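K.L.:
Sequence:
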Amino acid sequence: MKVALINAPRLIFSGDIYSLTSPPLGLAHLYGYLTQKGIDSDLIDFNVELMKNKKIFVCFNNIDSSLSLEDFCLKYKTIVDETVNYLLSKVDLTKYGLLGMSVLENQSLKIIVPLLKKIKSLNPEIKIVLGGSLPIEDKYLLEGLIDFLVLDYGEEALYSIIKSLQKKDNLSNLHFQFLLQMKWIKLMKKL
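So the working numbering is basically just the index in the sequence shown, starting at one, shifted up by 942.
Think of the hints as simulated: they come from the structure by calculation, not from any bench. Computed from a predicted structure; not experimentally measured. Check the hints yourself; a few may be wrong.
[Claimed, not checked] What follows is a set of in silico ranges between Cβ atoms, one per label pair, in the way DEER data are often shown:
no.: 1; residue 1: K994; residue 2: L1046; range: 31 to 37 Å
no.: 2; residue 1: G1086; residue 2: N1048; range: 31 to 37 Å
no.: 3; residue 1: K1110; residue 2: N1065; range: 15 to 21 Å
no.: 4; residue 1: K1105; residue 2: S1010; range: 21 to 27 Å
no.: 5; residue 1: T1020; residue 2: L1064; range: 16 to 22 Å
no.: 6; residue 1: Q1108; residue 2: I1005; range: 37 to 43 Å
no.: 7; residue 1: K1105; residue 2: E1067; range: 17 to 23 Å
[Unchecked claim] Simulated crosslink set (DSS-like; lysine-lysine; CA at most 30 Å straight-line):
no.: 8; residue 1: K1019; residue 2: K1060
no.: 9; residue 1: K1019; residue 2: K979
no.: 10; residue 1: K1032; residue 2: K1059
A virtual CB, placed ideally from N, CA and C, is assigned to each residue, including glycine.
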């Protein structure tokens, strides 16, 4: 199973001070760990791809970053769709069985959620693992966009997920101190 580790796009709005030139060190560490374990992986930085497209990149300097995800996606539907389509044109999803994505800030969800919806519509079989320092709201997780959420350090959790999926093991054997499987969260919410 080939794995894509994706640095989620960070939307930099006018007045933001974060620099997109910071490399995705956490994902680079995961990539090294998986490579050392013999897992075929690619590291993809969507921020670099966004910087290459000046037309899209400049659009985010003139939009209202204070909007909720839903309002943002409605008001800026054209920009969101263009961004998602552009980013997906840079990766061949058919090569991957699993996508790991790191989310480090709330603003990123304004592109990540539509991006994940499009990915799942194009390739419903792909497994998506989300990790990072951002607490994700249940309503986004329960839409079926994410298969696993890694809550702690990702090396062992991601490796365990990959090995279990490769062996077609019962995923209940995974270490729960590292991750939550979305199906089980849904089931627990119904009880």
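K.L.:
Confirm or reject the claim that Q1108 and I1005 have a C-beta distance inside 37 to 43 Å.
P.N.:
42 Å, holds
K.L.:
Note whether the CB distance of K1110 and N1065 lies within 15 to 21 Å or breaks it.
P.N.:
18 Å, holds
K.L.:
Between K994 and L1046, does the beta-carbon spacing fit 31 to 37 Å?
P.N.:
Roughly 21 Å apart at Cβ, these two residues miss the hinted range, so it is violated.
K.L.:
Taking the CB of K1105 and the CB of S1010, does the distance hold inside 21 to 27 Å?
P.N.:
38 Å, violated
K.L.:
Within 30 Å, alpha carbon to alpha carbon, are K1019 and K1060?
P.N.:
Measuring from Cα to Cα gives roughly 13 Å; hence the hint holds.
K.L.:
With a cut-off of 30 Å on the C-alpha distance, tell me whether K1019 and K979 pass.
P.N.:
41 Å, violated
K.L.:
Please test the hint of 17 to 23 Å on the beta carbon pair from K1105 and E1067.
P.N.:
18 Å, holds
K.L.:
Verify the proposed pairing of K1032 with K1059, using a straight-line Cα cut of 30 Å.
P.N.:
17 Å, holds
K.L.:
Between G1086 and N1048, does the C-beta distance stay in 31 to 37 Å?
P.N.:
21 Å, violated
K.L.:
Between the beta carbons of T1020 and L1064, is the distance compatible with 16 to 22 Å?
P.N.:
20 Å, holds
Of the numbered hints stated above, those contradicted by the structure are hints 1, 2, 4 and 9, listed in ascending order.
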